[in-house]
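Chains A and B supply the protein sequences, listed in that same order.
Using the working numbering, read the first sequence as starting at 47 and increasing by one per residue.
Using the working numbering, read the second sequence as starting at 239 and increasing by one per residue.
Calculated from the structure, these hints are not laboratory results.
For each residue, glycine too, the CB sits at the ideal point set by N, CA and C.
Take the hints with a grain of salt, since some may be wrong.
[Unchecked claim] Per the computed footprint, the stretches of chain A lying under chain B, defined by three or more beta-carbons under 8 Å from a beta-carbon of chain B, are: (1) 133-139; (2) 156-166; (3) 184-191; (4) 215-222; (5) 290-303.
[To be verified] Label-pair restraints from in silico Cβ distances: (6) B:Glu387 / A:Leu249: 41 to 51 Å; (7) A:Asp113 / B:Arg307: 50 to 60 Å; (8) A:Thr200 / B:Val352: 53 to 63 Å; (9) A:Leu134 / B:Phe315: 17 to 27 Å; (10) A:Arg223 / B:Pro460: 16 to 26 Å; (11) A:Val81 / B:Glu387: 21 to 31 Å.
[As the list claims (entries may be wrong)] Simulated coverage check for chain A against chain B, where a stretch passes if three residues somewhere in it have a Cβ under 8 Å from a Cβ of chain B: (12) 93-100; (13) 118-128; (14) 242-253; (15) 261-269.
Listed below are the residues making up each chain.
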Amino acid sequence: MTATIEAQTPPRTYPTQAHRPRRNRANVWLTLLLVLASVFTIVPFVAVLVLAVSPESAPTIPRQLPDDVTLDNLTAVLSASSFLRWTLNSVLCSVVSVVIILLTAAMAGYAFARKRFPGSTALMWSFLATLMVPIQATLIPMFVLVSRLDGVNTFWGLIVPTLANSQAVFLMRQFIRELPDELFDAAKIDGAGEWTVFWRLVLPLTKPVLATLGIFVFLWHWNDFLWPLVIAQTDEMRTLTVGLSTLNAESVARARIMASAAISVVPCLIIFGVLQRYLVNSVATTGLKG
Amino acid sequence: MTVQRAAVQRASWRQRARDPGWGLLFVLPMLVLFVIFRFVPSLGAVGMSLTDYRLSGDFSFVGADNYVRLFEDDLFFHSLRVTLLYAAICVPLALVVALGTATLLHHVVRGQSVFRGLLFLPYVTSFVMAGIIWTWIYESDGLINGLLEKLGVGPVPFLTGNQAMVLASLAVVSVWKSFGYSMLILVAGLKNIPEDIVEAAKLDGAGPCSRFWRITIPLLRPVIFFVLVIETIAAFQVFDTIYVMTGGGPARASYGLVYMLYDQGFKFFDFGYAATVGVVLFLVVFLISLVQRYVLDREKT
């Protein structure tokens with residue numbers, strides 16, 4: 047059997063040449079399939095854009111491309127006071143969350159990685175255990191707690207309950223543990239205090255992981271829906287996602303809704319455009335979960 | 239040299255042991271957040287499920303009444319079935335799409351990073367935004383039906399048809415929005431497969447198909463299980479797309495567990511009962527991750 051195969055195999059002169067046509071054809075198919083998959087992910091974005099610049103109640107896709115392109119919808123959305131208010135709320139909630147989570151998670155991660163204190167292991171595990179509890183399972187008691195503290199329809203009610211983030215703590219702990227011991231010993235010998243070590247050593251050295259974590263925390267909070275849905279009770283406290291869902295539920299013109307949706311995704315697209323390589327690579331290395 | 243270093247290390251250990259206060263101080267802000275907003279509500283969920291807590295804040299202890307009521311409630315079993323059916327559609331679909339695109343990305347010669355970016359793009363949007371776009375795409379005069387009309391095929395009732403159709407349509411939206419993450423995890427897994435094993439199989443005359451099924455899939459098994467776990471947990475938590483696209487309908491065809499929790503809590507303000515649904519949601523997700531864990535451990539040995 048082996049003999050027959052060997053006999054049939056042509057002499058190995060230039061194997062690359064012999065393989066090239068077949069490999070090229072295979073590559074064309076691979077590329078074609080990837081183009082199809084990309085069409086699946088990109089077409090909805092293109093559709094939103096086309097609808098956002100189509101004149102209201104004029105024929106548009108899927109029947110035909112719009113005859114006219116108009117910025118009326120976009121300007122109308124941007125000049126509507128509630129839309130701007132929702133955007134500001136989303137910016138405020140996301141940015142404040144990013145700052146507080148990065149700082150507190152770096153502090154906790156530093157303590158878990160470099161400090162020994164009674165119960166540190168148990169505490170780390172109890173933080174990680176909360177990953178097992180879906181946020182929806184504790185929605186009702188969280189809401190009752192926040193409403194007893196008069197936090198319903200307030201900014202702190204929107205932001206503070208979402209800040210306990212075990213993934214962030216765990217990621218910071220892993221990263222700080224990998225830093226060389228010598229740096230910390232040297233700082234100690236130079237007489238640096240605990241705060242100096244944290245501000246001058248830990249934070250600068252963890253910049254790359256802080257950046258990655260910051261991007262993810264921003265996306266999570268910008269796109270969060272269920273918590274702001276139950277906490278924001280008046281129009282001026284709504285975040286963008288909640289505002290969009292109310293527009294969608296009211297009978298607002300399609301072009302207007304699509305224009306709002308298009309604008310709401312812009313910050314995320316900018317982040318994505320600027321930091322794409324960074325963001326995409328970090329998923330594999332940090333294992334951050336959406 | 240080594241002696242010196244050991245001395246320094248010992249000193250720093252002593253230093254660490256001497257100052258337990260600093261460690262606690264650094265953990266304190268996050269600890270406070272966790273105690274108030276994770277630990278207390280987790281215990282509170284169990285506590286509330288044993289009461290008839292109402293919006294007014296009045297409550298009395300009712301023992302296991304809520305659980306008895308839940309297990310006699312057809313709506314609960316209906317929502318559990320909806321969620322299981324949804325997960326049964328969504329999880330395999332997400333896995334196939336993520337694994338397929340990851341394999342394509344791994345083998346394509348040119349434009350890998352461009353395709354990777356294009357495929358990952360929807361991940362940065364919200365489920366609300368995804369829901370709004372896809373509602374239009376699915377509508378009778380929307381994108382898909384508009385194109386079908388040109389082919390002379392009647393409108394497909396994506397969000398108003400039977401239950402399987404509605405749940406599958408919702409699953410497609412979730413997969414569109416979030417498969418990119420699983421795809422990246424799988425791409426990283428594929429990169430870790432040693433090249434020489436694949437080369438050896440090639441020399442032995444294994445075609446692309448048998449290489450995929452006999453080498454790639456078995457070696458990728460731990461990564462695939464990880465993706466299965468996160469996709470399953472995500473499928474059980476589905477809410478945003480249902481809220482935006484169907485409101486649990488038509489005729490409660492997409493009335494999942496989390497939607498029931500929201501409905502009982504914030505439409506009927508029956509907080510005790512809604513908390514009970516939350517406890518059961520936790521138990522179901524916990525049970526499923528235990529089963530997956532068990533299967534994974536058995537596969538390893």
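The hints, checked one at a time:
1. With a threshold of 8 Å between beta carbons, the proposed coverage of the region 133-139 of chain A by chain B is violated, since 0 of its residues qualify and at least three are required.
2. Check result for the region 156-166 of chain A against chain B: holds, 9 residues qualifying (beta carbon to beta carbon below 8 Å, three or more required).
3. As drawn, the region 184-191 of chain A meets chain B at 8 residues by the rule of a beta-carbon pair under 8 Å; at three or more, the given contact holds.
4. Residues of the region 215-222 of chain A lying with their CB closer than 8 Å to a CB of chain B number 1, which falls below the three-residue condition for coverage.
5. Remark: the region 290-303 of chain A is confirmed as covered by chain B, as 5 of its residues place a Cβ nearer than 8 Å to a Cβ of that chain, reaching the required three.
6. In this structure the supplied range 41 to 51 Å is violated for Glu387 (chain B) paired with Leu249 (chain A), their Cβ-Cβ distance being about 58 Å.
7. Asp113 (chain A) and Arg307 (chain B) have their C-beta atoms about 59 Å apart, which keeps the hinted 50 to 60 Å range intact.
8. Our hint of 53 to 63 Å for Thr200 (chain A) and Val352 (chain B) is violated, since their Cβ atoms are close to 44 Å apart.
9. In this structure, Leu134 (chain A) and Phe315 (chain B) break the distance hint of 17 to 27 Å, their C-beta atoms being roughly 44 Å apart.
10. As the Cβ distance of Arg223 (chain A) to Pro460 (chain B) is approximately 23 Å, the hint placing it in 16 to 26 Å holds.
11. At about 25 Å, the beta-carbon gap between Val81 (chain A) and Glu387 (chain B) stays in the expected band of 21 to 31 Å.
12. A count of 3 residues in the region 93-100 of chain A with a Cβ less than 8 Å from any Cβ of chain B is obtained; the coverage claim is therefore met, three being the minimum.
13. With 0 residues having a beta carbon nearer than 8 Å to a beta carbon of chain B, the region 118-128 of chain A misses the requirement of three or more and the stated coverage is violated.
14. Coverage of the region 242-253 of chain A by chain B is violated [criterion: at least 3 residues with CB-CB distance below 8 Å; count 1].
15. Counting residues of the region 261-269 of chain A whose CB lies closer than 8 Å to any CB of chain B gives 3, which reaches the minimum of 3, so the coverage claim holds.
Consistency with the previously given hints fails for numbers 1, 4, 6, 8, 9, 13, 14, ordered from lowest to highest.
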